[in-house]
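A.B. asks: Protein chains in written order, with our numbering: chain G, 1 to 281; chain S, 1001 to 1806.
There could be a bad hint or two in this list.
Some chain G residues flagged as far from chain S (calculated, every beta-carbon gap over 10 Å) [what the hints assert, rightly or not]:
1) A10
2) P85
3) D129
4) R184
5) D187
6) R229
Cross-link-like lysine to any residue pairs, in silico, SDA-like; alpha carbons within 25 Å at most [what the hints assert, rightly or not]:
7) G:K19 x G:L43
8) S:K1181 x S:G1252
9) G:K42 x S:K1181
10) G:K42 x S:T1298
11) S:K1801 x G:A118
Simulated from the structure, these hints should not be mistaken for lab results. The beta-carbon is built from N, C-alpha and C at its ideal position, and this holds for glycine as well.
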Amino acid sequence: MIPAEFDYTAPESLDAAIKALADGGEDAKLLAGGHSLLPLMKLRLAAPALLVDLRKVPGLHGIEREDGSWRIGAMTPHTDLEHSPQLGIFAKAAGTIADPQVRNRGTVGGSLAHGDPASDLPAVLLAADGSVTVQGPGGQRAISAGELFRDYMETAIEPTEVLTEVRIPSLDGWGFGYEKFNRRSEDWAMVAVSALVKQTGDICEEVRVGLTNMGSVPLRAGAVEEALRGKPLSAESIASAAEQAAEGTDPPADLNASTDYKRHLARVLCRRALGQAAGLT
Amino acid sequence: MSTGEASTQATRIAAEQTDAAPAPSNHVGQALRRKEDPRLITGKGTYVDDINLTGQLWAAWVRSPEAHAKIVSIDTSQAKARDGVRAVYTHEDLDIEASLPMAWVPPGIEVNTPDHWVLAKGEVKHVGDPVALVVGDDRYEVFDAAEDVIVEYDPLPVVTDPEKALESDSPVIHEQFATNKVSEWSLGGGDLEAGFAEADVVVERRIVNHRIAGAAIEPRGVLADFRADRLTVWSSTQIPHLLRPFLSMLLGISEDRVRVIAPEVGGGFGSKLQVYAEEVGCAWASRKLGRPVKWIETRSEGMMVTHHGRDQIDTVRVGAKRDGTITAWHSKILADIGAYQMFFTPMIPELSAFVMCGVYKTPAVQTDVVNVMTNKFPTDAIRGAGRPEATHMIEVTMDQLAQELDMDPLELRRKNFIPPFSEGHETPIGVVYDSGNYELALNKLLEHIDPAKVRQEAAELRERGIYRGIGFCTYTEICGNAPSRIVGPSGFGVQGGGWESAAVRVHASGAVTLYTGTSPHGQGHETGFAQIVADRLGIDPAQVDVIHGDTQAGPWGLDTYGSRTLAVGGEAAARAAGKVAAKAREIVAHQLEADPADIELREGRFSVRGSPDKGMTLSEVAGAAYAPENIPEGMEPGLDEQSFYDPENFVFPFGAHACVVDVDAETGKIDVVRYVAVDDCGPAINPMLIDGQVHGGIVHGVGQALYERIHYDQDGQLVTGSFVDYALPTAAEMPSFETDRTETPSPVNSLRVKGVGEAGTIAASPTVTNAVIDALRPLGVTFINMPLSPMRVWEAIQEAKGGVAA
């Protein structure tokens, strides 16, 4: 619980933060809520030489509706998402993150930039077809959720770039379901499934399913989506489609869950999440 | 309050027969709020880590990443070269000639006990085995320096499976014994063979009681200060009094010059009932360097090198008649005690034997214990220490027997209950239970929960894929340790006694200090003991300051563990207060020219019977005692008495617990819906403290059954090294507990009380396990071992379906 030595700076503008990050080289790390990075440092699994704290950088907080989509500042804590029901599935998923203390400190940008496939928000962003905005020495660019997550805890964000905001398309008219399975309420997901459904009558116009902790990155359950798109939604059609939730996945086993068990959970949770999204439960 | 009429009467009769009779005022029995809490919840508690001394240095330990290896070389030069590092020590530097203590020497039993050094000598035997001690100016720097110590290891074969460790081709951990087997010990009574021959059915189960941690909120910590030929050690320990003589012996410092202080201690659960290498090492280094040396355990160290508990494979065999009458009981315990033996390591599994009859009339019973060493950290006492294991064996097997007999599990229990007794019941092994009324507790439980209603709910829920089950446990346990003649060197083999001390000092103003030899770490002794003393002196509990955990304050004591504090330490406090009251009566009688026998304590005054206006308060008596111009001829001045109390027998709390669980058959996840506990620890001193102990105890037992597990992989690596993987449950996982009591007085002490600190833990794991098996029975699962993780439950369901889990 004793981290290795590091330097610390808390710049007061985004430009200064980007500069500090660039000057710090590859051993510099951004600090947002600190709820992923600091435990790693205390366990000496990470030993950055410099921490660039974003807490004094203005303009990185808040949830706003803009041009028909949602813009969420990177430093917005999970608790703000949790208490914004207009964000639908994001509010629901954020409310399941760890415990209230973590939700008060942990940030949406930090969680996405950390790229942990067991965290709640990455797969939700993927299912929602959202994106993040990053800014670096070369300017600003958007990275779609589909491009963001490269590998286990590895993202498309360059080491000198700062994730500044998250953009989520309006999900007005979409039904959603979020099913997370863990042993204790404060645990990371053993498996979680996010489901978004747009239907007319009982016909499924569009469907997106995100899988948490079913691989080294958050995944979409393409086979499930394919099986339902354009088809009538019923308990039976959902159950049948959900059987394909683990198709193509090979989640690593751990002490609490074998690969087979995780795949089984994905199927069960997918059926339940889709049922919620379709208003069938 | 739920006092049965009979037990109330028994209390009254018993009270009249004793010298230290309960006082007429009535703070005892009230749910007084804890005196400790205002300082604790406002952050004013002083824990070891809050104490800092001028010139203090910090210690860090270099620990083995290998589970079993020869130490080829240790290069400390780089660490020593750091500016802030004062010393780096390895085994050869330490001139401590004796091994860390192990205090159980059972007569006639051979126990293979290896040396256990403060720093590893030549080989490491488990992950975390300390190899070097780094001392320096700054806490952060000693951690960095510890990483600079380069140790070369030559790995040796590892064994972590206790059954494999007994096989002839297993790696041997301590070569001098040529085996990993530590000891074989048995305790039995009655004719076992005849009992099994007489049985219509015999049920045998292999019950695994897995390894768990104590996981106290406050990690361990030590601050050692040797100066001017005196050693003071602040330690987050349950046993300051027991630690002192061992520090004295190991370091060669006269006992009178060693002071151990347990300041505020944030939980122990048995894990701080220990003489740890870090305590001895820091004290040694402080003397060597002439500076105070401090070490605060990290949580990672806590999971790795604070002793674990349980870890047994039990083979339980019970014989019964067709009508449910038990004829014989045989439990074989294979205990995996880890790589070394600490204070009571090899003794804990044997403690199961003393209550292996449970609450039943079992005519023949035997417990065989084999202890075996593996490349893990040692086990020792963790909340319940042997009794949770025994109760789990008994109560899970009772349900299995009921299943075999197609009998209601409660009917089976009632059929075998020992009938109510108030003055002792001797079991076939010669243990005398003090008092018990098991029907009463079960009946009280069933006032709160109706099994038929739960089964009705279960039928309704099943249509929605939820499997609801109900489980029970009726238990007794053994605590109040200990009668020295029974547990001592020529008896069970503990190298010491079991008494407890107390001293009551009335100051000249009438303020009262109670010194207790017990050492609380969260239980609420300051409140409960103040209630006991206040009632005997006619004052308010707020006027009684309870001092504990400092070997320089009050007489020597034997500390807190094994639910001993109230039944032994509380009795000592009552007796010391009784002596003060007796002297006060003499002074009052003398001053008011009355007979001491006519002085009674009424409404806060020692007054003359029949003349309530004639009397003196305690502070008036104290004034007279310290300005002694008018006290009886020959009486010594002062009002200050002490008592050493050695109990005649143990006490045996008992109770009945029930649990309702819902199992999601698709995922295997278990939800504890209700938990109802009826416990009997005699008349309540403070019902709120009892509830607190029962609540925490249940969480510990439910935690083991459903969540917590210390797991080493086959290479001896600790897989559950943090709270991410060691799934300590939180409030979110627990239901709101429903508690009630019956009050059956103990004939052993004048307070008529029994212990309750471990009862919840002892009862909870079988209660939950039985509920889960009950829930899963419609799915074809008839038995399952803890920990009941979702995956394990799901796999059991798949296997019962006839397929392999997939």
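A.B. asks: Compare the structure with each hint and give your call.
C.D. replies: Now for the hints, and whether the structure bears them out:
1. A10: Its Cβ never comes within 10 Å of chain S, the nearest being 20 Å, so this holds.
2. P85: Label holds. Min Cβ-Cβ 22 Å, cutoff 10 Å.
3. D129: holds (29 Å)
4. R184: Check fails; 6 Å does not lie beyond 10 Å.
5. D187: The claim is violated: G:D187 sits with its nearest Cβ about 7 Å from chain S, within 10 Å.
6. R229: Non-interface label stands for G:R229: nearest chain S Cβ at 26 Å, farther than 10 Å.
7. G:K19 x G:L43: violated (28 Å)
8. S:K1181 x S:G1252: violated (33 Å)
9. G:K42 x S:K1181: violated (39 Å)
10. G:K42 x S:T1298: It holds: about 10 Å lies between the C-alpha atoms, which stays within 25 Å.
11. S:K1801 x G:A118: Violated, at about 31 Å.
In this structure, the hints that do not hold are numbers 4, 5, 7, 8, 9, 11, in rising order.
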